[in-house]
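Listed in order, the protein sequences are those of chains A and B.
For the first sequence, numbering that gives the first Met the number 0 gives the first residue as 0, with consecutive numbering after it.
For the second sequence, numbering that gives the first Met the number 0 gives the first residue as 0, with consecutive numbering after it.
If you're looking for bench data, these hints aren't it; they were derived computationally from the structure.
Each residue gets a CB set at the ideal place from its N, CA and C atoms; glycine is no exception.
On the chain B side, residues computed to face chain A include the following (Cβ under 8 Å): (1) VAL47; (2) LEU49; (3) ASN69; (4) ASP82; (5) ASN84; (6) CYS88; (7) ASP97; (8) TYR129.
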Amino acid sequence: MNSIDILIPYASLLLKGSGITLAAWILASIGSLLLGSICGIASSRACSLPAFSYPIRLYTFIAKGIPAYVQILIAYFVLPSLLGITVSGFIAATGALIFCSGGYVTEIVRTGINSIPSGQWDACFVLGYSKWHALKRVIAPQVIRLILPILLGESEQLLKSTSLLATIGVTELTRAGMNIISRELNPLSVYLLIACIYLLFAAIINILIILAQKRMRYGNN
Amino acid sequence: MVIINTLSVAIKEQILLKSVSCTLVPGRITSFVGPSGAGKTTLLRAIVGLVPLQSGTILLNNKSVATMSNYERAQNIGYVFQDFNLFPCMTVLENCCDALLIHAVPLEEAKSRASVLLEKMGMHKYRDKYPSELSGGQKQRVAIARMLALRPSVILLDEPTASLDPANTDILVEILTQCVQEGLTVGLSTQDMSFAKKIIDRVYYLENGEIQEFCDTKITTNLLQECPRLRNFLHQ
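Next comes chain B alone, as it looks inside the complex:
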């Protein structure tokens, strides 16, 4: 479980997040939705240590993420970038294996672990291709496989549907559903209404770096009354 407590982030005197508090729960999909510039990506990047925190804490299973080494954090929290950031000089299989080798997994085990995940993502036949030979949807599945190879308990995805067509979006929904069924903590940011509706579970609505509304589909009974901004956003 990830607990974010009064988190503030400012870069070059520009406040990007203002005292944000939220949680990411195992076995659930927590979405951060909102317009562009709301702070969704900054929040996810703060969790994985890509932006410095001004104040506040991020706890993973009651341990501060800020005190974790880069190496330890990577084993616990996986992150998929909006533009995937696959390594262009490596094949699909190497992209998924290399981080495992860094984490002292023997080569044969790394290869078999990566192969299993690529099979699961329907990408096994592309294992010897380079990222430049893949489509956006295929790249994303490789990026997810690369992240899952480290077996993190928390996975974060930044705008995962930004470069996907509807068919690939459905594949992504299936993958995320599987991850949730396996008990992973899933967090993502999106401004894609149709995708947000498909995976709606726990949703935080952000605007101007602040959480404006929270909706838990297991608790919220009347979205219109309890989360009017989120409802408007989803029905835009």
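So here's chain A without its partners, still in its complex pose:
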């Protein structure tokens, strides 16, 4: 029996693991994008209220300063007992990834908005745009074009971080592979296959980056 044949009986386990990895990745990407966009806009020049700015700076400091692994452990072992609730490993870990990645997305969005020249805001003001209209129609398209590759890069990082779900017993792709290895004692083919699946997902993100960049191109820029 060659090394590929060994894996065939575990196809459904690997598929299920891939599905959990994909679900955690998509949920964490969407969640961190929402959280980061709200915090990024609230702490940027578009809003610039100290009431928002300082708590958000504290949040990004915590989210970026604590390793994602530790955040997952806190979310799974500490917070539920503090709050007196029960959460599944998948929800706790995905929530922790959203919190962690949201800090980075906040910085990306804030920097993106603040990097737009003040003349663009002035032009909107002079033409009678409200702040919301200026943000939506003029600033956001420029910011999205600027930060999209960085955001997709962050999403790629998030994909790799989903392997941390294995540490609290969630049978995502890496954990599924480890389970197979413990039964078949053939780490080479299993780890190679897992690495290829991660690369496939990463390739999808890279294709998305290229397509998005092409779509967002305007003029000579």
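For chain A, the structure is supplied; the task is to place chain B on it using the hints.
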């Protein structure tokens, strides 16, 4: 008519305008000339609400500009920035239409209004281009079209010839002359002597945030005697 009364502007304890009083008259070109740092741009930016006033009033047809909403002021006063500030993510036509949509003009009407103005500015064939594909002179004409699309009664231009070659400067003079003939109130700042001579009509000479001299070509008969600093400035 715009009446500016004892206007003072200070930013971070630095006084930029000291008790400036002047008027902008319909059907005339009012120029603010003077050396760099004289306060010309600050004065124009104060009129459109881009810098906070320390004291004084700006009246547009006897209504204080400070009490107008951003939306209302934009419908009355147009402003062209020195570096144009066109929206890079929009085509030339979209740049001219978008503000109209904000001001509740229906899309078709906004497009036709913008098209007419672009035609007038000789920019119609560039309607689908992006600002990054245009030259400085073309960008400026788009910026003027964008401003005129809102049909303001007062138009202000900050250093309009700063990035123009002589040919484009002549085109600008033609456009401004047309605006004046249509009864618009035109105000601009410049330190370009040759341009200032071409459009000389009503001129305020500023230095150190203060108006030093005023010359109205319809009244002033002897520039040398009545406005020696302005004359020197124009003949530098």
